[in-house]
Each structure stands twice: as structure tokens, then as C-alpha cells.
Amino acid sequence: MMQRLRQFFSKNRSTSSNKSGGLSSWIGKHFFGINNEAMDTNETIFSVITQLANTLSSLPLKLFDNYEERKDMTVADLIKYQPNPVMTTFEFINKLEVDRNKDGNGYALIERDMYLQPIALWPIPPEYVSVLQNTDDNSIWYQITGVNQNMLVDSQQMIHVKHITGASRLTGISPINVLKNALAFDKAVATFSLNEMSKTDSFKVTYEANLDDEKRENTIEDFKRFKNDNGGVLFQEPGVTVDEIKREFVSGDVINTEKITHTRIANAFNIPISFINNINNTVATNNEQIMTQFVQKTLTPIVRQYEQELTIKLLTQAQRKQGLYLKFNMNGLMRGDVQARTAFYQAMRRGGVFSTNTILGLEDMPLSKEPMAEKLFVSGDLYPIDMDPTQRKGVSSNAKEDQQAVLVNDPDKSDGS
Numbered sequence: 335m336m337q338r339l340r341q342f343f344s345k346n347r348s349t350s351s352n353k354s355g356g357l358s359s360w361i362g363k364h365f366f367g368i369n370n371e372a373m374d375t376n377e378t379i380f381s382v383i384t385q386l387a388n389t390l391s392s393l394p395l396k397l398f399d400n401y402e403e404r405k406d407m408t409v410a411d412l413i414k415y416q417p418n419p420v421m422t423t424f425e426f427i428n429k430l431e432v433d434r435n436k437d438g439n440g441y442a443l444i445e446r447d448m449y450l451q452p453i454a455l456w457p458i459p460p461e462y463v464s465v466l467q468n469t470d471d472n473s474i475w476y477q478i479t480g481v482n483q484n485m486l487v488d489s490q491q492m493i494h495v496k497h498i499t500g501a502s503r504l505t506g507i508s509p510i511n512v513l514k515n516a517l518a519f520d521k522a523v524a525t526f527s528l529n530e531m532s533k534t535d536s537f538k539v540t541y542e543a544n545l546d547d548e549k550r551e552n553t554i555e556d557f558k559r560f561k562n563d564n565g566g567v568l569f570q571e572p573g574v575t576v577d578e579i580k581r582e583f584v585s586g587d588v589i590n591t592e593k594i595t596h597t598r599i600a601n602a603f604n605i606p607i608s609f610i611n612n613i614n615n616t617v618a619t620n621n622e623q624i625m626t627q628f629v630q631k632t633l634t635p636i637v638r639q640y641e642q643e644l645t646i647k648l649l650t651q652a653q654r655k656q657g658l659y660l661k662f663n664m665n666g667l668m669r670g671d672v673q674a675r676t677a678f679y680q681a682m683r684r685g686g687v688f689s690t691n692t693i694l695g696l697e698d699m700p701l702s703k704e705p706m707a708e709k710l711f712v713s714g715d716l717y718p719i720d721m722d723p724t725q726r727k728g729v730s731s732n733a734k735e736d737q738q739a740v741l742v743n744d745p746d747k748s749d750g751s
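Numbering (our numbering), first residue to last: 335 to 751.
Derived from the structure by calculation, the hints contain no laboratory data. Model, not experiment: these values are computed from the prediction. Honestly, I wouldn't trust all of these hints.
Simulated crosslink set (BS3-like; lysine-lysine; CA at most 25 Å straight-line) [as the list claims (entries may be wrong)]: (1) K631 to K405; (2) K703 to K727; (3) K647 to K661; (4) K514 to K405; (5) K414 to K593; (6) K593 to K396; (7) K661 to K414; (8) K593 to K405; (9) K396 to K661; (10) K727 to K405; (11) K727 to K396; (12) K514 to K631.
Estimated spans, in silico, between C-beta atoms of each pair [unchecked claim]: (13) F678 to D715: 16 to 22 Å; (14) Q416 to F711: 26 to 32 Å; (15) Q483 to L450: 20 to 26 Å; (16) S392 to A501: 32 to 38 Å; (17) R654 to K593: 45 to 51 Å; (18) K396 to R503: 30 to 36 Å; (19) P419 to L694: 30 to 36 Å; (20) Q725 to V672: 34 to 40 Å; (21) F678 to S392: 30 to 36 Å.
Ideal Cβ placement from N, Cα and C applies to all residues, glycine included.
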């Protein structure tokens with residue numbers, strides 16, 4: 335398999351000056367001329383996909399070893415800074431997430447060195463990839479359609495993130511395909527409204543039955559000139575009545591249609607409706623609560639899929655057993671406002687959970703070099719439940735002496751009776 339992979343790279347490398355080979359020629363192109371019109375023409379879907387892709391690609395992605403960040407491995411630099419020679423991590427994750435939301439699937443080919451270690455990650459447009467399953471052992475294979483040849487790789491060489499799927503499907507379901515009928519109806523309403531607004535004024539001409547042919551022709555010619563000149567002076571002959579046919583554009587119908595469409599788009603992409611510029615004039619009363627809902631219900635499942643896919647495909651089983659894993663940092667999204675963060679940090683600090691440097695790290699501030707900055711402290715008004723009450727702070731020494739006197743005079747009470 336690796337020999338075929340290297341042959342594929344070397345064959346394309348002769349036609350490209352980029353050291354990464356022919357894979358770079360795939361970026362940004364459409365072999366079959368396929369593009370998703372809905373994302374290019376629907377501003378609501380464009381906004382939703384932009385929010386999801388930008389949010390996910392803005393999260394720091396790091397390699398951890400039992401909760402400690404590892405920086406001395408090639409994979410760490412690969413996923414944190416530069417997945418391939420022509421992309422940053424932000425752009426790489428952004429492309430995967432856009433493809434995942436547009437087509438239901440995002441693909442990235444793993445390029446490995448002669449020691450089978452990953453050295454580059456290349457995003458592949460979904461229309462180039464076909465997912466196959468071997469009926470003999472149920473293994474998954476990916477067929478990539480290239481410019482000069484096709485390539486078949488096993489599942490360990492391909493990063494594959496997708497929307498929901500089922501037991502009978504190997505690929506994810508595109509949210510835009512789910513919204514096909516809703517978008518068609520919304521487009522029909524918009525087209526009808528534009529046609530109504532683009533129509534010229536209409537009139538009803540009434541004339542008496544005894545009007546002779548000459549006067550009738552003159553009246554019609556005058557009215558034609560009036561229409562062609564888009565207004566002006568209309569001489570209304572006796573016995574002729576001209577009434578305007580009023581056109582009423584009902585904006586409420588368009589607004590109601592947009593409300594329904596926005597709700598369906600939010601449901602399909604599983605985001606809070608407040609994330610769309612909803613025309614309900616709904617004001618977010620608690621931004622922290624809305625962000626918590628977005629992180630828990632929308633972002634966490636997406637992040638979890640990326641973490642597991644990257645960890646399984648980029649790390650060996652031995653490395654995973656050793657405690658290595660890849661993880662996005664979502665703490666920044668859950669910080670809330672200054673008052674909420676202050677209360678949270680105080681509670682964790684007084685409870686002996688966070689040290690000074692832990693809080694500084696969460697706030698992306700320089701860590702303190704003071705020795706006590708790494709030490710955990712607890713509040714002075716908390717005691718272990720089995721602690722002698724007389725040892726508590728503020729208990730008078732007389733109480734201790736009285737208790738000792740009781741024990742001397744009556745040793746039997748030493749058992750607490």
C-alpha cells in the first residue's frame with residue numbers, strides 16, 4: 335500500500351514544482367464542475383457554515399500525554415501549526431468543516447514517510463472520493479479520483495469526518511440535501527415577490543357603448559403613449575373612465591416564509607436559532623447561556639468526532655495506550671463574562687482545584703515563576719468532616735481544658751458516651 339502511495343506522489347511530483355507533489359493541485363478545484371449552489375447563493379446557509387467552520391478552526395488543537403502537552407513530536411507540530419507545506423491548521427480544519435457541512439463529508443489524505451509516520455495532511459474535495467467496503471472482512475477503502483490516475487487507500491490513510499449516518503451508509507448525510515424542499519419553497523416565494531415588484535402599473539379603462547370608433551382609437555393611442563412614456567399627461571375624454579389597478583405587496587408572507595426557513599436551517603445544522611439573524615427581533619438575554627447551549631449541543635459532538643478521528647489515524651495503538659491523544663481546547667468558549675469568570679475562578683481556587691498558574695493559563699496570560707504559583711490552597715473555613723471540633727479555628731482554649739478535665743475525672747467518657 336505504501337509503495338503504491340509513494341508511486342502516486344512521485345508520478346504527480348514530476349508535473350509540479352511544489353515539494354508536496356501533485357496533491358497541491360487538487361486544492362480549490364472541481365474535477366467534475368460540481369459546486370453546491372445553495373451555499374453560494376443562500377446567505378443564511380453561508381452564514382451558518384461560516385460560523386461553524388470559523389469557530390472550530392479557531393480552537394487550539396494540541397497533542398497531550400496524560401493531560402500534559404507534548405511538543406517534541408512531529409505529529410504535535412503537524413496538527414498545531416502546519417498540516418502541510420501550503421496550509422495552516424486554521425485553513426486545514428476550516429476546509430474540512432466546510433466540506434462536512436456542505437456535502438456531508440470532509441476528507442483529508444494522510445501522507446506518511448518511509449517509517450509510516452505522518453508528515454502531511456491534504457484535504458480532498460468530497461466529489462473526488464468514493465467510499466467502498468470489502469464484503470470479505472468489512473474493511474473500509476477510499477477510492478480517490480485523480481487527474482491522471484485513481485488511487486485506492488485503506489481507512490487508516492484517510493481522515494473522514496461526516497454528518498450523521500446509519501448502519502446502511504458509509505458516508506454522511508448532507509444538511510443542504512435535507513433542506514432541499516425548504517430552500518426550493520423559499521426561492522419560489524422570493525422569485526414570486528420579485529416578479530410582483532417588477533411589474534409596471536396596471537389600469538382599467540371603461541368607456542360608454544355609444545363612443546364612436548374614432549374616439550375609441552384616439553383614447554387607446556393616448557393611453558398607449560401614457561404607458562410608454564411611463565407617466566405624463568392623459569387626456570380623459572367624456573364618457574371614458576380610467577381606474578388604476580392597485581398592486582399590494584404583502585411583505586408579511588415573505589417574512590413568515592423566512593422565519594420558517596431560518597428555523598429549518600437552524601434545526602438541520604443543529605445550531606441555536608439565535609445564531610441566525612432572526613427577524614423575530616429576539617434579543618439574547620443571556621449570552622453565556624446561549625453559548626453554553628451552542629458548545630454542549632452543537633460543538634461538542636463535532637469536536638469529539640474530530641478528536642477521535644485524528645487520534646486514531648495519526649497515533650499508533652501503542653502511543654494511545656501510553657496516554658497520547660489529540661484534543662481541542664474549548665475552555666475559551668465557556669468563559670462567559672468577567673463577572674462569571676471571576677466567580678468561577680474564586681470557587682475553584684478556594685476549593686483547592688486551581689492554582690494561580692492554572693487560572694493564568696486559562697486566561698492566556700504569562701505564567702508566574704513564583705514557587706507558590708503552582709501550589710494549591712483551600713479556604714480556611716473548611717474542615718474535614720472527621721476533624722476534632724476543638725481543633726477548629728476560633729474554638730476557645732477553655733473548651734479544650736474543660737474537655738480534658740472531664741476525661742481526667744471520668745475516664746469512662748473517653749469513648750464519647
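Consistency of the hints with the structure:
no.	hint	verdict
1	K631 to K405	31 Å, violated
2	K703 to K727	32 Å, violated
3	K647 to K661	14 Å, holds
4	K514 to K405	45 Å, violated
5	K414 to K593	40 Å, violated
6	K593 to K396	40 Å, violated
7	K661 to K414	10 Å, holds
8	K593 to K405	48 Å, violated
9	K396 to K661	6 Å, holds
10	K727 to K405	46 Å, violated
11	K727 to K396	45 Å, violated
12	K514 to K631	24 Å, holds
13	F678 to D715: 16 to 22 Å	19 Å, holds
14	Q416 to F711: 26 to 32 Å	40 Å, violated
15	Q483 to L450: 20 to 26 Å	23 Å, holds
16	S392 to A501: 32 to 38 Å	34 Å, holds
17	R654 to K593: 45 to 51 Å	47 Å, holds
18	K396 to R503: 30 to 36 Å	32 Å, holds
19	P419 to L694: 30 to 36 Å	35 Å, holds
20	Q725 to V672: 34 to 40 Å	38 Å, holds
21	F678 to S392: 30 to 36 Å	22 Å, violated
In summary, the numbered hints that this structure violates are 1, 2, 4, 5, 6, 8, 10, 11, 14, 21.
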